[in-house]
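Please build the complex by placing chain B with the ligands on the supplied structure of chain A, with the hints as guidance.
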Amino acid sequence: MIRAFASGMWIHVVQFSRNPFDLTGVVIWPIVYASIAYYLLDSKDNPRLLLAASLGASVMLMWSLVVIGSSNALENQRWLGTLELLVAAPVPFAAVIAPITVASGVVGGYALVATLAWGTLLFDVPLVIVHPLAFALAVPCCVLAIGMLGLVMASTFVLYRAAFSLGIALQYPVWIATGLLVPLSVLPTFVGRIGWFLGPYWGYRAIREAALGPSPWPAIGMCLVVSATYLVVGTACLRAFVHVARSRGTLKLT
Amino acid sequence: MAAIEVHELERTYRSRKGVIRRRRTEVRALQGITFEVAAGELFGLLGPNGAGKTTTIKILTTLLLPSGGSARVLGYDPARQPGEIRRRVGHVFGGDRGLYDRLSALDNLRYFADLYRVPVREKRARIASLLELVGLTGRERERVETYSRGMRQRLHIARGLLHDPEILFLDEPTIGLDPVGAREVRETVASLRAQGKTILLTTHYMYEADELCQRIAVIAGGRFVAAGTPRELKARVLDRTVIELETFGVAEPTLERLRSVAGVASIASETREQAEVLVVQSRIGAEIVPALLLELTGTSVGKVITREPTLEDAYVELVGSA
Ligand SMILES: Nc1ncnc2c1ncn2[C@@H]1O[C@H](COP(=O)(O)OP(=O)(O)OP(=O)(O)O)[C@@H](O)[C@H]1O
Ligand SMILES: [Mg+2]
Numbered sequence: 001m002i003r004a005f006a007s008g009m010w011i012h013v014v015q016f017s018r019n020p021f022d023l024t025g026v027v028i029w030p031i032v033y034a035s036i037a038y039y040l041l042d043s044k045d046n047p048r049l050l051l052a053a054s055l056g057a058s059v060m061l062m063w064s065l066v067v068i069g070s071s072n073a074l075e076n077q078r079w080l081g082t083l084e085l086l087v088a089a090p091v092p093f094a095a096v097i098a099p100i101t102v103a104s105g106v107v108g109g110y111a112l113v114a115t116l117a118w119g120t121l122l123f124d125v126p127l128v129i130v131h132p133l134a135f136a137l138a139v140p141c142c143v144l145a146i147g148m149l150g151l152v153m154a155s156t157f158v159l160y161r162a163a164f165s166l167g168i169a170l171q172y173p174v175w176i177a178t179g180l181l182v183p184l185s186v187l188p189t190f191v192g193r194i195g196w197f198l199g200p201y202w203g204y205r206a207i208r209e210a211a212l213g214p215s216p217w218p219a220i221g222m223c224l225v226v227s228a229t230y231l232v233v234g235t236a237c238l239r240a241f242v243h244v245a246r247s248r249g250t251l252k253l254t
Numbered sequence: 255m256a257a258i259e260v261h262e263l264e265r266t267y268r269s270r271k272g273v274i275r276r277r278r279t280e281v282r283a284l285q286g287i288t289f290e291v292a293a294g295e296l297f298g299l300l301g302p303n304g305a306g307k308t309t310t311i312k313i314l315t316t317l318l319l320p321s322g323g324s325a326r327v328l329g330y331d332p333a334r335q336p337g338e339i340r341r342r343v344g345h346v347f348g349g350d351r352g353l354y355d356r357l358s359a360l361d362n363l364r365y366f367a368d369l370y371r372v373p374v375r376e377k378r379a380r381i382a383s384l385l386e387l388v389g390l391t392g393r394e395r396e397r398v399e400t401y402s403r404g405m406r407q408r409l410h411i412a413r414g415l416l417h418d419p420e421i422l423f424l425d426e427p428t429i430g431l432d433p434v435g436a437r438e439v440r441e442t443v444a445s446l447r448a449q450g451k452t453i454l455l456t457t458h459y460m461y462e463a464d465e466l467c468q469r470i471a472v473i474a475g476g477r478f479v480a481a482g483t484p485r486e487l488k489a490r491v492l493d494r495t496v497i498e499l500e501t502f503g504v505a506e507p508t509l510e511r512l513r514s515v516a517g518v519a520s521i522a523s524e525t526r527e528q529a530e531v532l533v534v535q536s537r538i539g540a541e542i543v544p545a546l547l548l549e550l551t552g553t554s555v556g557k558v559i560t561r562e563p564t565l566e567d568a569y570v571e572l573v574g575s576a
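Heads up: the protein sequence lines correspond to chains A and B, in order. The first sequence lines up with residues 1 to 254 when you count with this note's numbering. The second sequence lines up with residues 255 to 576 when you count with this note's numbering.
Read the hints as simulated data drawn from the structure, not as lab findings. For clarity, every value in this text was computed on a predicted model and none was experimentally measured. Wrong hints could be hidden among the right ones.
[As the list claims (entries may be wrong)] Cβ pair distances, simulated, as ranges:
| no. | chain 1 | residue 1 | chain 2 | residue 2 | range |
| --- | --- | --- | --- | --- | --- |
| 1 | B | R395 | A | L121 | 35 to 43 angstroms |
| 2 | B | Y461 | A | V232 | 50 to 58 angstroms |
| 3 | B | R334 | A | R193 | 48 to 56 angstroms |
| 4 | A | P173 | B | R270 | 48 to 56 angstroms |
| 5 | A | P92 | B | R270 | 40 to 48 angstroms |
| 6 | B | Y459 | A | R18 | 33 to 41 angstroms |
| 7 | A | W196 | B | T279 | 40 to 48 angstroms |
| 8 | A | V232 | B | G450 | 27 to 35 angstroms |
| 9 | B | R395 | A | P132 | 37 to 45 angstroms |
| 10 | B | Y459 | A | P92 | 32 to 40 angstroms |
| 11 | B | R334 | A | I168 | 48 to 56 angstroms |
| 12 | A | P132 | B | R270 | 40 to 48 angstroms |
[What the hints assert, rightly or not] From the structure, some residues in chain A lie toward chain B, with a derived Cβ separation under 7 angstroms:
| no. | residue |
| --- | --- |
| 13 | R3 |
| 14 | I11 |
| 15 | Q15 |
| 16 | R18 |
| 17 | D22 |
| 18 | G81 |
| 19 | T82 |
| 20 | L85 |
| 21 | A89 |
| 22 | V91 |
| 23 | L121 |
| 24 | P132 |
| 25 | A136 |
| 26 | G249 |
Think of the CB as a built atom: it goes at the ideal place given N, C-alpha and C, for glycine as much as any other residue.
Okay, chain A solo, but in the shape it has when bound:
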């Protein structure tokens, strides 16, 4: 199963990297997001706020890449006609799908670093990190938490054929609910409560608190907790939705 996972990640990264269109996007988006962070939030005089904004923008980008990347990958399986073969494989379906979302997460992790780097390079965003070690840990934890939320969403892509458009539509609510776009304090409280259940919220907090203090460890812990929960929920959903797809006969349809 671990082999299937590793092999799957490798395959999807290679398949992804051989599409020039996707590749260009991965180069360009970090620059765009770094600029958004700089110009949109008028925070040029407040270095702490500027860094926080860049971090928020880079986590936003990571989330987008995961949702778009994995919904795109799943829709691709339908076009390629491989979805049925993946379902027919004897390993649990989650072990086939999780590598896709985590592979997108890894691409997202790179994009995070790239966004920060561009921010520093182009806009002098001060890259002062309070807990460098925790920061190095917070990034992969954030990748995991976001990748696993991607897994839960991917399970719905098995059921709904318009996976890609669904993926795009799912980007924004998560941006808002996790406080990436607007500070949670200006939103009704229940929105913040929703954020508690979302991986990107804890991922962002872990990264932000590692960079700006205070202690990032509670958020990192929460990342792991929500990731594990998502894994369990995602596996159960995938199993249930594959069953529904088998009974409706929609696996081969594009």
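Same frame as chain A, but now just chain B with the ligands:
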């Protein structure tokens, strides 16, 4: 124990049509199909388009749930014990989909080997021997998007055999291949049969079924029509003689008159090259020819051939009367 048992199998597809006024449509793809495949047998499932062949295979390979009846594959229930079956069967469908185009054949096979739990120690040797079997050795590092259809099809077969399945399901493996490519695939299938694999094959080419299959079931419109060895099926029309008349445009009324000629069992019209060929099954041998020609006065008739019935004639008769 039979390798595959299918009993009164049913499957209904429900779909919704229209966005505003939603109508439900129902397609009864399988309406009670029964057959058995013995271990080591190469079994052919034949039938016209929409007969339910692919549906049957999807149910047996656990991709689809049946709506009624029962099935057993190697003693397991495909609806309830999919894991047991997935480990033990291979599934290959025709056409050029189902592969990662931007990866090489080798990468495709490696990935599926991991998904199908091929032990690491055996992986390399298994892939090498399969590439050899399907004649792709030496080209395995090229990207699949550069492959011809025949090469993709053969790569598909290699993929289906990675985990050394006990049963192989082949759904129209020669569709869209040129004669040479199709023959190569048939040779591969024949060598698998020689190795004692149980194979369930569907095809629209009767000579292919005749050449390969030990037993055949014919289904049409989701219903069972007939089963037996190719010889048994042919025996149903063996008392007949087939007369082929090359004509150039025969109108429907003429066809009707031909049908009512004494001794005619059936008439089918086929287009071959430039001519239209009337395939007449006669109960009274070649003596019928003058009577046929009499009805065709006024139309130009080319070659007239008299021959023994083939499996295709038996099939046309079975499906036509179903
Ligand atoms: N996913 C689906 N949803 C709705 N109807 C379907 C679906 N798949 C198949 N059908 C219908 O079920 C019937 C049987 O289809 P099936 O694909 O099993 O036929 P087949 O014997 O394989 O035909 P062919 O020789 O053309 O491949 C057809 O009428 C088809 O339209
Ligand atoms: Mg079919």
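Do the hints match the structure? See the list:
1. B:R395 / A:L121: 35 to 43 angstroms: holds, 39 angstroms
2. B:Y461 / A:V232: 50 to 58 angstroms: holds, 54 angstroms
3. B:R334 / A:R193: 48 to 56 angstroms: With Cβ atoms ~41 angstroms apart, the hint is violated.
4. A:P173 / B:R270: 48 to 56 angstroms: Cβ of A:P173 to Cβ of B:R270: about 27 angstroms, so the range 48 to 56 angstroms is violated.
5. A:P92 / B:R270: 40 to 48 angstroms: Distance hint for A:P92, B:R270 is violated at roughly 31 angstroms.
6. B:Y459 / A:R18: 33 to 41 angstroms: holds, 36 angstroms
7. A:W196 / B:T279: 40 to 48 angstroms: Given about 44 angstroms between the Cβ atoms, the range holds.
8. A:V232 / B:G450: 27 to 35 angstroms: violated, 43 angstroms
9. B:R395 / A:P132: 37 to 45 angstroms: holds, 43 angstroms
10. B:Y459 / A:P92: 32 to 40 angstroms: Taking Cβ atoms as reference, B:Y459 and A:P92 lie about 38 angstroms apart, which means the hint holds.
11. B:R334 / A:I168: 48 to 56 angstroms: violated, 37 angstroms
12. A:P132 / B:R270: 40 to 48 angstroms: violated, 56 angstroms
13. R3: OK, holds: A:R3 within 7 angstroms of chain B, min 5 angstroms.
14. I11: holds, 5 angstroms
15. Q15: holds, 5 angstroms
16. R18: holds, 4 angstroms
17. D22: Where the cut-off is 7 angstroms and the nearest Cβ of chain B is about 11 angstroms from A:D22, the hint is violated.
18. G81: holds, 3 angstroms
19. T82: holds, 6 angstroms
20. L85: Holds. Min distance 6 angstroms.
21. A89: With a closest approach of 4 angstroms, the A:A89 hint holds.
22. V91: Interface hint status for A:V91: holds (6 angstroms vs cutoff 7 angstroms).
23. L121: violated, 32 angstroms
24. P132: Cβ of A:P132 sits 36 angstroms from chain B, so the hint is violated.
25. A136: With a closest approach of 30 angstroms, the A:A136 hint is violated.
26. G249: holds, 5 angstroms
Hints 3, 4, 5, 8, 11, 12, 17, 23, 24 and 25 from the earlier list are contradicted by this structure; the remaining hints agree with it.
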